[in-house]
Structures are given as structure tokens and as C-alpha cells.
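Under this note's numbering, think of the first position of the sequence shown as 13, with each following residue one higher.
There's no promise every hint is true.
Label pairs and their calculated CB-CB ranges [as the list claims (entries may be wrong)]:
| # | residue 1 | residue 2 | range |
| --- | --- | --- | --- |
| 1 | 46 | 112 | 51 to 59 Å |
| 2 | 98 | 15 | 50 to 58 Å |
| 3 | 15 | 69 | 36 to 44 Å |
| 4 | 24 | 57 | 42 to 50 Å |
These aren't lab readings, by the way, just hints derived from the structure by calculation.
In this text, all values refer to a predicted model and were calculated from it rather than measured experimentally.
C-beta: ideal position from N, C-alpha, C; glycine also.
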Amino acid sequence: MSNLIQDIINDPREYLPFLVMLGGLLIFWGGLCVSGLISVRTSIRRRRFWFALPPLVFGLICVSAQIPIAIDDKAAGSQMSFDLRWLFLVPVVCGMAGLALWWRARREVVA
């Protein structure tokens, strides 16, 4: 692993497509998490649920997709693989909480 990190530092252009894809994925994930947290806050105060829809929809799509990352270190003879779809459970849970709080607040206003 340390050889891989040193290789990325020495020649980042070789890994540029991977780094751009990973950076874009993490920015997208961060945006969905922020939207999910905003949905929890706005559903309590203003009774709006629009912020809960993107984390639910895109989070469920990303959870059902496979986002594999495999790293081969030929010098050390090791291989690591990750599946990043579990990261998208956080926005899904935040979106569901925002939707549930909106539903509860809406029912209290009607009653």
C-alpha cells in the first residue's frame, strides 16, 4: 500500500482518471449527505420534503449499483478490493428520516 501511495505521489498523471472518478464520487456523496441532513432539518420546521427526494432516489440507485475499486500491488504481491456502495446508505437513511419527519409533521397539522 505504501508503494502505491508513493507511486501516486511520484506520477499522479498515471492515476488521474481514477483520482478524478473517486473525487467526483466523493463530492456527489457529500452533496447527497448534506441534502439528507437539510431534509431532516427543513421537514421539522417548514414541513418541506423536497430535499429528501435526491438522497433517496440517487442513494438507492448507488446502493443497488456496484462501485468496485481494486488495487493491485505487484511488488508486495497483495491485492485489495473495496465496494463503495455502502457509503450511500448514509444519504438514504437521512432521506428516509426527513421523509418520515415530514409525514409526521403533516399529519399533526391535519389533525
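Against the structure, the hints come out as follows:
Judged by the Cβ atoms, the range 51 to 59 Å given for residue 46 and residue 112 is violated: they are separated by roughly 19 Å. A C-beta distance of roughly 27 Å is found between residue 98 and residue 15, which places it outside the suggested range of 50 to 58 Å. About 40 Å separates the C-beta atoms of residue 15 and residue 69, a value consistent with the hinted range of 36 to 44 Å. Take residue 24 and residue 57: their Cβ atoms lie about 44 Å apart, and the range 42 to 50 Å holds.
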